[in-house]
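Protein chains in written order, with the numbering used here: chain P, 328 to 983; chain U, 328 to 983.
Derived from the structure by calculation, the hints contain no laboratory data.
Among the clues, some could well be false.
Intra- or inter-copy, both count: the list cannot distinguish identical chains.
Said to hold, decoys possible - With a Cα cut of at most 20 Å, we get these calculated EDC-like pairs of lysine to aspartate or glutamate:
| hint | residue 1 | residue 2 |
| --- | --- | --- |
| 1 | 875 | 608 |
| 2 | 848 | 472 |
| 3 | 745 | 452 |
| 4 | 395 | 850 |
| 5 | 853 | 711 |
| 6 | 542 | 980 |
| 7 | 700 | 679 |
| 8 | 494 | 866 |
| 9 | 395 | 375 |
Since the structure is predicted, the reported quantities are computational estimates derived from the model, not experimental observations.
Below, each chain spelled out in residue letters.
There are 2 protein chains.
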Amino acid sequence: MSDRDTPRRGAWAALLGVAALCAGGALGCPGGNGGAPAGSTVAQLMQERGLSEADVEAALKTYTPTGKHDEYLLFASGGHAGNLIVIGLPSMRILKYVAVFTPEPWQGFAYGDQTNELLVQGARDGRPITWGDMHHPALSETNGEYDGQFCFVNDKANARIAVVNLKDFVTTQIVTSELIESDHGATFVTPNTEYVIEAAQYPAPLGGRYAPIEKYDEEYRGAVIFWKFDRTRGRIVPEASWAIELPPYMQDLSDAGKLASDGWVFINSFDTERSWGGNMEGRPPLESGASQNDMDYLHIIDWRKAEKVVQQGLTETIAGMRVIRLQTAIEKGLLHFVGEPKSPHGVDVTPDGKEIVVGGKLDTHCTVYSFEKIRQLIEQKRYEGKDPYGVPILPFREAIRGQVEIGLGPLHTTFDDKGFAYTSVFIESTVAKWSLKDLKVVHKQPVHYNIGHLVAAEGDTVSPDGRYLVAMNKWSIDRFADVGPLLPQNFQLIDITGEEMRLLYDLPIPLGEPHYAQIVKADKIKALEIYPLGTNALEHRPDPHAVKAGQQRIERGPDGVHVYMTAVRSHFKPDVIRVKQGERVHLHITNVEQARDATHGFTINSYNVQLSLEPGKHCNVSFVADRAGVFPFYCTEFCSALHLEMAGYLLVEPIE
Amino acid sequence: MSDRDTPRRGAWAALLGVAALCAGGALGCPGGNGGAPAGSTVAQLMQERGLSEADVEAALKTYTPTGKHDEYLLFASGGHAGNLIVIGLPSMRILKYVAVFTPEPWQGFAYGDQTNELLVQGARDGRPITWGDMHHPALSETNGEYDGQFCFVNDKANARIAVVNLKDFVTTQIVTSELIESDHGATFVTPNTEYVIEAAQYPAPLGGRYAPIEKYDEEYRGAVIFWKFDRTRGRIVPEASWAIELPPYMQDLSDAGKLASDGWVFINSFDTERSWGGNMEGRPPLESGASQNDMDYLHIIDWRKAEKVVQQGLTETIAGMRVIRLQTAIEKGLLHFVGEPKSPHGVDVTPDGKEIVVGGKLDTHCTVYSFEKIRQLIEQKRYEGKDPYGVPILPFREAIRGQVEIGLGPLHTTFDDKGFAYTSVFIESTVAKWSLKDLKVVHKQPVHYNIGHLVAAEGDTVSPDGRYLVAMNKWSIDRFADVGPLLPQNFQLIDITGEEMRLLYDLPIPLGEPHYAQIVKADKIKALEIYPLGTNALEHRPDPHAVKAGQQRIERGPDGVHVYMTAVRSHFKPDVIRVKQGERVHLHITNVEQARDATHGFTINSYNVQLSLEPGKHCNVSFVADRAGVFPFYCTEFCSALHLEMAGYLLVEPIE
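Pulled out of the complex, with its shape left as it was, chain P reads as follows:
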């Protein structure tokens, strides 16, 4: 429990009370405050609501009046809700849940033709998947700075990557490779977003093959995929992407080098013991089997050199993906290991790119590696051994600058603008602030309760902003009013401007289980206010079926009935559609409005259709009218005073 829990109304509050009384016993100062009710002094409110002085300060540092915009946007993964959460700082208000892997009818996501296509793109072995387990969002970067253009996210459960376009906060692409069966070190981007990195987590035979688990050492493998991103098209290009095979360790979090370490990628790992469970078969469960060794391996990958190896064609194609096999990677010097204290979680490159910080979750330290030392050891081929697959291992003591005694369960580290690092300490439930210069902890801030990741403003860039840090705590337990056994998480906003951190705000997360987040200056995002008329929002270009006012029509063709419809306050045109049972119906609907507040929705009773038509947007949806009857359709967005009248009928005449 923080000492913030106990209200303290000391000298300051008394003074405020006196000051207010001096002004007439209330805030109703003449000519000044526009009608503050009598008796509502600051001191009275502190008394009534049990607020301490620190609470008052926290309130005033976070409260954001109507119409004032937040300074920062935090992009958090929604975990197994499969969506992306956008939160404003310092107000800590959730501004949007962006649908990514999970259908979302309010956004019309996966309830119409264009967005359904995304789920088809993201199918595994031909089977669409209707959810995802999102862990690590990554904002696109230019020269190691967030550029506000795109956000990439992963689906750990099904080894998928998605692209969210920040022009309109819409998911435009989902890619997957059946090379791997799960991921965790994803997504992370290289400093100019050349690649979106996806490292596997649970080893499996590459390419979706079956192999008995007893052949784990020989046939199961990890891998890291470098998805090529085409910024101009805003799309990942699967055919230009490639991967590196890795030993069957559980690769974990990743980070891309930058500045001094640009061109490199760092991936940590656990279960280098190659334990795979079997707890009903006389073997140890993974949790103990994977926790035997004192050291796991930090994977150090030279991706620019790997890119050349791919260009030379030294790859093998597995499940459609060009793969640099493990032996090639070793022979070409693309992959090196260095020990990292047991079962690490976070691997975080410092803003200057010179050092790599690893938190060992069963250790009490953060280890700080020097990239320059690593580079020299690689150049000098100074190894302390090789792993069972022949990967050279650099000498641990010669690769590090030092270690910081953090506390119980250091997980993940972020950075500020003044040379400090902040590490989440899971078992202690604290944030530890420590000096990168002298590797010493300077302050610890208790949080409620178990902190997983943490994130500081622009903390993953080459120039962090400091200011704010968010502790992403796992179980709120007693922090909020009861809403049943499935508890919200608790995002705690912390002021990091001073020497000591100060807790400012508790935000319950009402949907999803975020793992990681990034915070970007809000003014870097240049979102569209409306779409140009007839826009296909997934491709950001005019839809060939877009409908202009005056061109509404119903056409019958060999593939069914095409309805070219417009939406405008407060009617659809046409508003009566007559078809025969069994006909395929293709609706092409353009919202022909250009006012910012003129969003419409579209649904048809019983047909599981739901579109969101923001101003200018065009959507297509097709279905077989296989049930005869009378089906009202209507606008699902409260668009005007006559919104309920924005309706019509689909009439499906039965076959005789």
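Given the coordinates of chain P, assemble chain U onto it according to the supplied hints.
This is chain U only, laid out in the frame that chain P set:
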């Protein structure tokens, strides 16, 4: 724009600055405030963040420090997101999104056997529907007071009703009747939750038949369904439910009588013109066709008398539902009309049950009907005419106490504890406070921007609390940082304790489009902290397949492979499952933990399975292992330091 937008730092702020400076130039008062950083005075923060005096007061009235609980819970519909939103007041933090009509993987909702069954229950004509358009939540009542036990919600698009159990904030039932094709006057409950009321919106042939729309007057109908609720079982009982056929007007919002008017239900309507569109066929669009008449009809229904008619068997069964036909309803005196000024929206019974307030959205008034006058007119059979179907119409002037001049577009009314009513005024974007006693507006509060519904604390009960009101505004436009063309809504919290209303807080709604809400005292909700071991959460009883520690096993039967598994930090047992391709797999998983923070998730790669296992909960999920290969499964909830190690393998051996 509110005048709150302009910070004013007048005499009061200057005084505070002086006061703080007197204390040493900063908040760092000796012995009092536990480390407030130098320079952070209230006045400085007002200056730095552009806060007015009213903003400071609003901040202190809403800021809720870590660990302090909100006083009220607001239950808002999620609109076409198909979920229910729970918000704490006065902090305005969203505490939970409850999955209802739309699958939600974080809650495991519709990704396992038990919850999938809910979508099957809610299927229309055998077709499961995977979303809903939720409009009006209703909290269960005892003697006209919220009792904190259940929340009912509707799906306008597909004419469905769901029950959410507030023991654990979980949806336990979805019912639908194909009698009607859409609803809007739903859900509303009678004062002891005898019935959950669902009134149709868009007329259609009853029971899902087809009829040409040219036969609208003869064959299309409205209806109101009285769903019988069994509080002990926590379930709607479809076979004990019944309906009343109504003319083909668009029935709209409803409210149940209480105290003086207990036993009655009031439903308003629009489109008594029976316009049905046809704007490509030379007919007027509905928006103008439905806006011709000066009066529509308030439907007045004597449900206790109707219940007796049902008991007498004077019903006809349509689509499995017992229906009192329109002519029977007229003959038995169950249904009366009274005029209501054009195109009304809200119908709201006053706390004492004596009056009914109707807002006419194309009118500038609220009309206040006297239930006693209505009752007498019905007794005296004093009609001013009949509608085309023979429904008697009471004389308007004799049924009302008066009308209040409200402003442009009055929609919906809620009540406080001091005899005031509050009406949302859509076109003006204001809340109008008016006196029930003398029917005069006493204050108007601007809101941002177009307000739909509004809700006051316990405002729908026989004893409203006053205190807080929430304006549910449709489009935030410029209120928040840009997150693309699909704008969040803006819930504005308003302090209604004083004579004048005061705006306290803007809450963006990040997902969904709420229509209506109810606010209940938080301490009325008695939620479970954990489940008893082995609980089936949809039935709140032990699951027959629940697994105890030590009884984990894998059994093969004629219907496939049954895996009896436990989840406990940090392993599943068994953690290796071996099956042959094509076998049906039945997983029975119990979370055998009883610590409040020990929620686990469960997923299998590529198989679209995702369970949420709160402490004590049991889930079943079955699927055909039709794809050979190696499929990792793991815990999707960050449950412990060794959470990533809580994993295993499903091994599907190919058929030779």
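Hints, verified against the model:
Proximity of residue 875 and residue 608 under a CA criterion of 20 Å is satisfied inter-copy only: 19 Å between copies versus 67 Å inside one chain copy. Proximity of residue 848 and residue 472 under a CA criterion of 20 Å is satisfied intra-copy only: 11 Å inside one chain copy versus 47 Å between copies. In this homomeric assembly, residue 745 and residue 452 never come within 20 Å of each other (Cα to Cα): the closest approach is 49 Å inside a single copy and 64 Å across copies. Taking the shortest alpha-carbon separations for residue 395 and residue 850, only the intra-copy value of 13 Å comes in at or below 20 Å, while the best inter-copy value is 33 Å.
In the homo-oligomer, the alpha carbons of residue 853 and residue 711 never lie at most 20 Å apart, since the shortest distance is 50 Å inside one protomer and 61 Å across protomers. Proximity of residue 542 and residue 980 under a CA criterion of 20 Å is satisfied inter-copy only: 13 Å between copies versus 60 Å inside one chain copy. Within a single copy, residue 700 and residue 679 get their C-alpha atoms as close as 15 Å, which meets the 20 Å cut-off; across copies the closest is 80 Å, which misses it. Proximity of residue 494 to residue 866 under the C-alpha cut-off of 20 Å is restricted to the intra-copy arrangement: shortest distance 11 Å within a copy versus 45 Å between copies.
With identical chains, the CA atoms of residue 395 and residue 375 are at most 20 Å apart between copies only, with a shortest distance of 13 Å across copies and 27 Å within one.
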